[in-house]
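Protein chains: 2
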Amino acid sequence: MPPSTLVAEAATCSITLRPGDSDGYLLDARDLKALAIASLTQVGVPAADAETVADGLVGADLRGMNSHGILRLPVYIRRLIEGGFSPVSSFDLISETAGTALIDGGGGLGAVLTARAMDLAIAKARKNGIGAVGVRNSNHNGEGAPYVIQAVEAGMIGIATTNGSPIMPVWGGKTPMTGPLPITVGVPTHMEKPIVLDAALGMSSRGKILYHAERGQQLPPGWLVDADGNPTTDPNWVKNGGWILPIGGHKGWGLILMCEILSGLLTGGAIGQELTNLYDDLDQPQHNGHFVIAIDIASFIDLDSFRRRMDGYVRAMKASELAPGFEEILMPGEIEFRRAARQEREGIHLSRKVVDELLAAAKEVGVQVRTTA
Amino acid sequence: MPPSTLVAEAATCSITLRPGDSDGYLLDARDLKALAIASLTQVGVPAADAETVADGLVGADLRGMNSHGILRLPVYIRRLIEGGFSPVSSFDLISETAGTALIDGGGGLGAVLTARAMDLAIAKARKNGIGAVGVRNSNHNGEGAPYVIQAVEAGMIGIATTNGSPIMPVWGGKTPMTGPLPITVGVPTHMEKPIVLDAALGMSSRGKILYHAERGQQLPPGWLVDADGNPTTDPNWVKNGGWILPIGGHKGWGLILMCEILSGLLTGGAIGQELTNLYDDLDQPQHNGHFVIAIDIASFIDLDSFRRRMDGYVRAMKASELAPGFEEILMPGEIEFRRAARQEREGIHLSRKVVDELLAAAKEVGVQVRTTA
Chain A
7 MPPSTLVAEA ATCSITLRPG DSDGYLLDAR DLKALAIASL TQVGVPAADA
57 ETVADGLVGA DLRGMNSHGI LRLPVYIRRL IEGGFSPVSS FDLISETAGT
107 ALIDGGGGLG AVLTARAMDL AIAKARKNGI GAVGVRNSNH NGEGAPYVIQ
157 AVEAGMIGIA TTNGSPIMPV WGGKTPMTGP LPITVGVPTH MEKPIVLDAA
207 LGMSSRGKIL YHAERGQQLP PGWLVDADGN PTTDPNWVKN GGWILPIGGH
257 KGWGLILMCE ILSGLLTGGA IGQELTNLYD DLDQPQHNGH FVIAIDIASF
307 IDLDSFRRRM DGYVRAMKAS ELAPGFEEIL MPGEIEFRRA ARQEREGIHL
357 SRKVVDELLA AAKEVGVQVR TTA
Chain B
7 MPPSTLVAEA ATCSITLRPG DSDGYLLDAR DLKALAIASL TQVGVPAADA
57 ETVADGLVGA DLRGMNSHGI LRLPVYIRRL IEGGFSPVSS FDLISETAGT
107 ALIDGGGGLG AVLTARAMDL AIAKARKNGI GAVGVRNSNH NGEGAPYVIQ
157 AVEAGMIGIA TTNGSPIMPV WGGKTPMTGP LPITVGVPTH MEKPIVLDAA
207 LGMSSRGKIL YHAERGQQLP PGWLVDADGN PTTDPNWVKN GGWILPIGGH
257 KGWGLILMCE ILSGLLTGGA IGQELTNLYD DLDQPQHNGH FVIAIDIASF
307 IDLDSFRRRM DGYVRAMKAS ELAPGFEEIL MPGEIEFRRA ARQEREGIHL
357 SRKVVDELLA AAKEVGVQVR TTA
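Protein chains in written order, with the numbering used here: chain A, 7 to 379; chain B, 7 to 379.
Hints are not guaranteed to be accurate.
No copy labels: a pair is met if it fits in one copy or bridges any two.
Said to hold, decoys possible - Result set (DSS-like, lysine-lysine): computed pairs, CA atoms no more than 27 angstroms apart in a straight line:
1) K245 with K324
2) K214 with K199
3) K369 with K214
4) K180 with K199
5) K324 with K133
6) K324 with K180
7) K133 with K369
8) K180 with K359
9) K133 with K359
10) K245 with K214
If you are wondering where the hints come from, they were derived from the structure by calculation, not from laboratory data.
Kindly generate the complete structure, drawing on both the sequences and the hints.
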């Protein structure tokens with residue numbers, strides 16, 4: 007649906023709450039997007055930007071990345087009300103060359119700023135073969151996948167990273183200075199699904215560790231340390247000053263450091279302890295930085311040949327003899343594409359708590375939500 | 007010493023063999039470089055190219071990356087004699103834009119081709135903010151560090167990757183299709199040592215596992231699987247069809263896949279099983295592909311400010327409270343810089359076997375080596 011339609015409906019929307027697993031509901035992705043757009047536009051976010059944010063949040067739920075999904079909407083709304091997010095995302099050019107740009111986001115919406123940054127990188131790559139755009143003074147930008155998919159849809163390889171508030175130390179230290187930052191890469195194919203690697207560089211996500219904690223399950227060794235930095239399999243330490251280990255020890259930490267350098271230092275933006283957590287100081291901007299690269303495949307070789315060769319390579323990989331314990335070889339992003347297709351049809355499962363918070367946030371900003379069962 | 011001097015001395019050189027640890031020798035880095043240059047020029051490698059290769063090999067030994075060091079020289083010489091390496095590294099432009107280039111290396115020397123590719127990427131970044139160069143039809147290019155250090159010396163962030171012959175399967179498979187490919191990144195600083203991350207994306211190097219095997223030591227869990235893909239702590243499996251696991255499981259494998267896509271598919275070059283191992287089919291090119299990126303920091307922010315802020319960040323990280331088991335916080339590349347400084351003074355330790363092979367290879371190509379004790 008075009009943004010204009012959505013704006014007209016901004017102050018009302020309807021959602022169908024079907025019974026889901028255990029204590030939750032199954033919701034239609036379109037209902038959730040409309041709810042998000044209505045709520046965001048009510049607090050001053052332009053309709054097109056509200057749609058970008060809604061697509062990012064609901065898209066994450068569709069792909070099963072719920073920790074980056076619609077459950078973030080209430081804190082986004084709260085930050086928009088209290089001033090921690092600016093509803094209008096300025097996109098001020100600090101510096102520019104033929105192949106690069108540095109943007110000041112003025113405390114706007116991370117998803118909006120990163121999407122625009124990738125659009126600019128794509129435009130530069132179209133002319134120069136490669137384009138890179140850094141953003142500073144931004145905020146939480148959610149899942150990295152949608153930004154690299156922009157590049158994929160333009161026939162390019164997309165790369166995105168971001169920094170975030172500190173929840174882990176540097177390798178060998180105990181002082182929280184960084185986080186399990188992500189490298190996200192998208193690669194186009196022909197008939198096969200594009201490759202979309204979205205790799206947070208920690209051994210596990212916080213969400214997965216909390217899932218173990220809720221169920222009283224121990225963690226595999228090597229995921230977590232306690233607040234003193236000693237190895238632990240007790241997932242509860244993630245809530246009590248423990249931290250998630252980087253993948254491959256010092257190697258993953260080195261990659262995290264590079265994400266921080268590109269997102270925070272190359273942009274002249276905030277780094278590590280200068281960043282605010284999404285849930286703290288709601289009237290203050292978080293100051294995240296982002297960095298995106300678009301590589302124009304056709305500037306190197308024929309795009310169609312590349313696409314077809316990617317298909318062949320994917321098929322050859324998937325035809326490998328299976329290792330013990332595997333039923334299928336999956337490409338990066340493949341399971342997320344399948345899950346999204348299924349949840350587009352069947353609905354997205356959300357807990358009662360998350361739905362209650364969404365409805366309360368919508369109500370607070372004056373959206374009249376008609377719920378049907 | 008300038009290449010011209012070395013060429014004049016090509017057919018003779020002298021090395022001092024001082025007694026080293028256990029059964030080996032301590033050798034001066036300059037002696038080793040002169041030996042490598044003399045041997046390479048004798049089989050037709052131009053003097054400047056021979057110096058690039060020698061610098062790469064001996065530089066790896068200096069930094070302690072011996073698996074990429076001078077021990078590779080005999081097989082390089084053998085390949086140059088038998089035709090698997092072309093002594094003259096052509097650098098044919100297949101495609102070019104303002105910010106990118108694709109090079110056909112014509113089966114030349116990997117180190118020479120990658121160094122030239124990074125020079126070209128740096129020149130493009132100087133004009134366009136960012137430059138990326140792919141190389142196909144190349145060969146083994148050794149350690150990635152020297153290429154990103156070229157960018158660092160130009161005040162830029164350098165990124166390099168390569169593909170290699172298949173020694174590990176895709177994630178979930180058993181058929182060898184790729185390797186623990188490396189991501190190498192270099193970042194300039196002011197007074198602090200530059201950051202040089204050289205991360206092969208496997209849990210360990212083959213060399214380190216063989217070291218455990220020689221000493222009859224078990225491996226930590228999570229490094230290796232046996233030939234059937236079952237977890238093992240027996241290091242001998244690395245010689246018998248087992249394979250090194252990627253860092254972070256599917257995450258590290260996804261990053262390896264991206265290295266393969268940039269080095270092999272984006273370049274229209276060879277991938278996975280199409281590549282030849284350095285020690286097999288010595289009369290055939292290996293067909294490696296490489297991919298390098300240079301990012302001009304001054305195109306984003308003031309370079310001097312960046313350098314000083316990097317210094318401050320490095321110092322803040324190193325001042326972290328220490329985790330258990332750590333005596334110091336080290337930046338990526340720091341230990342290698344220290345080791346290189348020490349070994350420049352004290353000499354490089356090589357086993358008697360490696361020295362014997364170096365001397366035999368030199369003799370075979372007509373280099374008269376005067377050895378002194």
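Hints, one by one, checked against the model:
In this homomeric assembly, K245 and K324 come within 27 angstroms of each other (Cα to Cα) only across copies, at 26 angstroms, whereas the closest approach inside a single copy is 39 angstroms. Taking identical chains as interchangeable, the C-alpha atoms of K214 and K199 lie at most 27 angstroms apart only when both belong to the same chain, with a minimum of 26 angstroms there against 37 angstroms between chains. When the C-alpha separation of K369 and K214 is checked against a cutoff of 27 angstroms, the pair qualifies neither within a copy, at 31 angstroms, nor between copies, at 60 angstroms. Taking the closest pair of Cα atoms, K180 and K199 come within 27 angstroms of each other only across two copies (23 angstroms); inside a single copy the shortest separation is 41 angstroms, beyond that limit.
In this homomeric assembly, K324 and K133 never come within 27 angstroms of each other (Cα to Cα): the closest approach is 35 angstroms inside a single copy and 42 angstroms across copies. In the homo-oligomer, the alpha carbons of K324 and K180 lie at most 27 angstroms apart only across protomers (11 angstroms), although the nearest pairing inside one protomer, at 41 angstroms, exceeds that limit. Taking the closest pair of Cα atoms, K133 and K369 never come within 27 angstroms of each other, the shortest separation being 47 angstroms inside a single copy and 53 angstroms across copies. In this assembly of identical chains, the alpha carbons of K180 and K359 never lie at most 27 angstroms apart, being 34 angstroms within a copy and 44 angstroms across copies at closest.
For the homomeric pair K133 and K359, neither the shortest alpha-carbon distance inside one copy (48 angstroms) nor that between copies (54 angstroms) is at most 27 angstroms. Proximity of K245 and K214 under a CA criterion of 27 angstroms is satisfied intra-copy only: 13 angstroms inside one chain copy versus 36 angstroms between copies.
Hint compliance for this structure: hints 3, 5, 7, 8 and 9 are broken, all remaining hints hold.
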